[in-house]
Every structure is written in C-alpha cells, then in structure tokens.
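Asker: Here are the chains, one letter per residue:
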Amino acid sequence: MERTGADIRFHDVSVTYPNGFTGLKDINLNIPAGEMVGIVGLSGAGKSTLVRTINGLVPITSGQITVGEHQLNGRGSAQLRGRELRELRSNVGMVFQSFNLAKRTTVINNVLMGRLYHSPAWRTLLGAWRDDDVELAMSALERVEIVSKAYEKASSLSGGQQQRVAIARTLAQRPMVILADEPVASLDPPTSHVVMRDLQRINAELGITVVVNLHFLDLARRYSDRLIGLRSGEVVFDGAGADADESVFENIYGRSLTAEDVLSSKGTL
Amino acid sequence: MSGAGAPGFMLAPGTARPIKPRRGTMTGAAVVLLAAITVWAGIGVQVDLPAIAANWRNATSNIVQLLQPDYGFFPKTVPALLETLQMAVIATAVGAAISLPLAFLASRATNPKPKLLAGVRFVMNMVRSVPDILYAAILVAVVGVGALSGIMALVLFNIGIIVKLVSESLDGEDLGAQEAALATGGSWPKANRVAMLPQILPSFASQVLYTFELNIRASTVIGLVGAGGLGILIDNVRSFFRYHELSLIILEILVLVLVLESASSWLRKKLV
Ligand SMILES: Nc1ncnc2c1ncn2[C@@H]1O[C@H](COP(=O)(O)OP(=O)(O)O)[C@@H](O)[C@H]1O
Ligand SMILES: [Mg+2]
Chain A
1 MERTGADIRF HDVSVTYPNG FTGLKDINLN IPAGEMVGIV GLSGAGKSTL
51 VRTINGLVPI TSGQITVGEH QLNGRGSAQL RGRELRELRS NVGMVFQSFN
101 LAKRTTVINN VLMGRLYHSP AWRTLLGAWR DDDVELAMSA LERVEIVSKA
151 YEKASSLSGG QQQRVAIART LAQRPMVILA DEPVASLDPP TSHVVMRDLQ
201 RINAELGITV VVNLHFLDLA RRYSDRLIGL RSGEVVFDGA GADADESVFE
251 NIYGRSLTAE DVLSSKGTL
Chain B
1 MSGAGAPGFM LAPGTARPIK PRRGTMTGAA VVLLAAITVW AGIGVQVDLP
51 AIAANWRNAT SNIVQLLQPD YGFFPKTVPA LLETLQMAVI ATAVGAAISL
101 PLAFLASRAT NPKPKLLAGV RFVMNMVRSV PDILYAAILV AVVGVGALSG
151 IMALVLFNIG IIVKLVSESL DGEDLGAQEA ALATGGSWPK ANRVAMLPQI
201 LPSFASQVLY TFELNIRAST VIGLVGAGGL GILIDNVRSF FRYHELSLII
251 LEILVLVLVL ESASSWLRKK LV
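The listed protein sequences correspond, in order, to chains A and B.
No gaps in the numbering here: position 71 of the first sequence is 71 in my numbering, and each next residue is one more.
No gaps in the numbering here: position 219 of the second sequence is 219 in my numbering, and each next residue is one more.
Treat the hints as calculated values from the structure; they're not laboratory data.
Some but not every residue of chain A turned toward chain B, in silico, with C-beta under 7 Å:
#1 R89
#2 L101
#3 G114
#4 Y117
Okay, the calculated beta carbon distance ranges per label pair:
#5 A:Q71 <-> B:P112: 21 to 29 Å
#6 B:P114 <-> A:A121: 18 to 26 Å
#7 A:L125 <-> B:P114: 22 to 30 Å
#8 B:P112 <-> A:N28: 30 to 38 Å
#9 B:R108 <-> A:G76: 24 to 32 Å
#10 B:L134 <-> A:A78: 51 to 59 Å
#11 B:L175 <-> A:K153: 15 to 23 Å
For glycine and all other residues, C-beta sits at the position ideal for the given N, C-alpha and C.
One chain only, chain A, in its complex shape (with noise of 0.2 Å):
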C-alpha cells in the first residue's frame, strides 16, 4: 500500500448553503501532505462542513481547495463533476460519526466498497470482484486487526467493529488523505482510543494526510500534531496541539470548558 499523503490548501474559501447561511468564511489553510491534523470547535462551528467540502460533499461557493492536483472551485468557476469529481473522490477516504456501513452484507463487501471507483459497472453489478482488490480489501482488513471477521455480517459487529471496518474501507481506496467527522463520537472511551490509534498509525506508517473533526478537546491534543480550531465557520486557532492549552480552548468555544467536552473521565484536558 505504498502511497504518499496529498497537500490540502484552502484559499478564501467560503461556503453558503442554500438557505443563505454561512457554513465557512474566508477559510485559508495549508495542509502539507503527511500531517495529522485535529479540528475543535463547539456543534454548529463549521467543522463538518470543512471537511466535505475536501471531497466535493458540500460545494464551495467561492475561493479554491486543492487536494494533490485536483482543484474545487467557487460558483461561477470550472466545476470538478462526473468521472473528474469521482476520481477526486477515489483519492479521499472518509469516516464517519456513524459509520455508515452496509450493514446486511458481509463486512468484506463494505470493503470492497473502496474499489468502486476502480471496479468495472458489469463486475460492480454481478458482484464479481476481482481478486486483486480482494487481497487488497483483505490486508486493509489485517492492518486494522479485523480480517478474521471478513465474512461475518456487518450489523453483528460492535461499534468500534463497524468503525474500524470503515476504516479498512478508506484504506481500500489507497487513498492520499482520509477525512474523519467524529469518528469517535458513538464509541465508548477505550473504544475511543483504539480507533484514534488506528488513525494514528495509518498516518504515520502510510504518510496518508488524515483530518479528523474531534469533540474532546483531550483527544484532538493527544492525537494531532495540528489543531485548527472554528467557531461561526472562522478559524480562530492554528497552531500545535501541545499550545492549545484551556484559554485557547475557551477562546474556540466563547465559553469556559466543562466535564463534557473531555473524554477521560477525570475531567480535565
């Protein structure tokens, strides 16, 4: 799975949704390929709305991302659609806060979901994947310490189960960066940790550029070498985990912390 991480560079990027809300304002951000960064911000700051618009989930309204050599623009701009938008795609991993697996099939085959973009329509349709993806499936099964539960439905698992089978998922992609939207709001605190070193590893052994939108303050520090954090779809901080003590968090937040915004059950960052 010998693949190197991608650049993410947002250049005043700014998202209105059609209601006419601001989801994101003048975002500027460089992401150099390779890096581990976490995003805080309290609910409603923006920071699902940062994260798909790296993969063309939620369009830009103006400025520019681009992610490797794919480029997203603003209204009025060229528009990275069809087979260009879905190649962007294919390089972009995803997880999400629920998981989001199929889950009356076999875990193997929320796999093979990752080869999709790769995967010929008549083998997609009948189901007949090729053995090459297979394997590959497989080893991203092995890497998150699964793979014994390849043929087991995917609804029997438990939570920190299904998550890391969407994990395995995005590694099927053999993607250049992986986003995150709280990936660990639904897993209980041990789970919690396990997952996150996953993610860890991956970024590390792989070089992939992972973006993880975090709750808990504790574990975006612990977790990234970066945190941005949003509030009112502005950035407010950038800087590195280990700097972002209480007052910045409470600068991110406009209010002071409380138990619930840390995971570890003492209460404190």
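We have chain A; now place chain B with the ligands onto it with these hints.
Answerer: Structure of chain B with the ligands alone, referenced to chain A:
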C-alpha cells in the same frame, strides 16, 4: 415519584398548557360522510331487495349442487390447474426481474435525476391504475386466448405492485452507506448496487412472495376473460350450468390458495 405532593411542584393552573386537539368532531364528520357515500352507492347500483328475494329460490337449488363437488371431474382439471400455477410462477419471476431496476429508478433515495424520477413514477402510476382483469381482456384481444396473455397481464400487474412497494422501502432506508459509497468515488448506480441493494433484498424477496400469493388468486380470475388457466375452465362449466364441476374447481382453488399462501407467509416471516 410522588411529584404532586412535593411542595412547589404544581404551578399555578391554566398557564401555557397546550389545548387538547379535538379529534371528536372530525371522526363524526367522517362517519356521516362514509354513510352518505354508501347510501349513494347503493342507489347508484340499484340494489333491488325484492329481486334478491325472488332469485333466492333459484339460488338455493344451485347452492345445494355446489355443496356436492363432482370428484370424478378432477383429472380433467389437472392441466388447467397446472397452467394456473405455471402462469403465476412465470409472471412472478419475470415481473420481479423487471421491477428491481425500475424500483431504483422510482425512489427519491436512489435516483438523483428529478425529471427521470418524475417520468418513471408517472408511468408506474399508470401501470398500477389499470386492473389486472382489464389487462387480460385487452391482451386476449391483441395476443389471443391462452396462457401467454394471462402471463403478460400478470407481469404488468406485478410490476405495478413490486415497484411501488420496493421503491417505498428504498425511500425509508438509511442513506449512510450510500453516502459513503458515493464518497469513495462510486457512481450512483454502483453506490446503489453495493450500499442499497443488500439493505432492501429481504424486503424485496418478501414483496415478491406476496405478489406470488396475489398471482395465484388473480390467475384464476383473469382466465374468465380467456387468459388461460382454471379461469377458462370455470367459464366453460358455468355456462353449461354444471355446478357440481364448478364446485370442484372452486374447492381446488381454495386448497391451492390456502396451501401456497401459508407456505409463502411462513417463508416471508423467515425473511424479515
Ligand atoms: N445543508 C445545510 N443547509 C443549511 N444549513 C446547514 C446545512 N448543513 C449544515 N448547516 C449549518 O451550518 C452550520 C455548521 O454545520 P456543521 O458543519 O455541521 O457544524 P459542526 O460539524 O461543527 O457541528 C450549522 O449551523 C448548521 O446548522
Ligand atoms: Mg458535525
């Protein structure tokens, strides 16, 4: 919790309570309306109570004959009985195969093209609005008397039902897996295949069995207009007033429907 007893729990009455919605008057109005429609319908089809009473004497002798099936007639009904079964099986299989892709085109969840969606839904509503016996009558006129017309009529009938029920299951499905499949760079058809199809397969199988049950019954009725199976036989013996034989056919249909329906509903329970 003895909340009401605790001091300070009860607030001053009459503040900011929602008003109980008055369903009573609506129900009353609905009952009156239904009664009025029923009376209107009765007048419309000219329910003639004295005539019913007069015919009754005739009817009793027929009923007596109907209670005495002619079992000796059984061998002659076998080919028609088998044809009815075959029609139902073939029409269910063909209808299911055509319906599956159409259901994906007819659901908002799986078809992102609004115009195509509206078009498919419009055609499907048309297909469903024609009763099966009418399809049979038209097809007998066009294709000719026999099982082929019956099968074609049942296929159209099945497409109408299966597409509607399966596209509704698709509408109700969680879209998380589909979003994930699209996010990996999959096209809509591919994402629907890997993320949505496995989710609705059990409900699809169950709907197909259900239409099979309907087809067993429907295939006997559409035969009356010449579209093959037991229905043609019914039409023959009835027009010659051979009620003992008619009685046997009705008994056969009863047994067939009961056996197949219970088998099918047993299977369906296993599915979901
Ligand atoms: N499709 C949408 N249409 C309108 N407003 C939206 C839409 N999606 C998100 N928003 C709004 O944009 C803001 C940011 O949302 P989001 O990016 O989901 O925040 P976060 O992930 O930080 O909780 C919220 O106020 C939300 O209500
Ligand atoms: Mg969010």
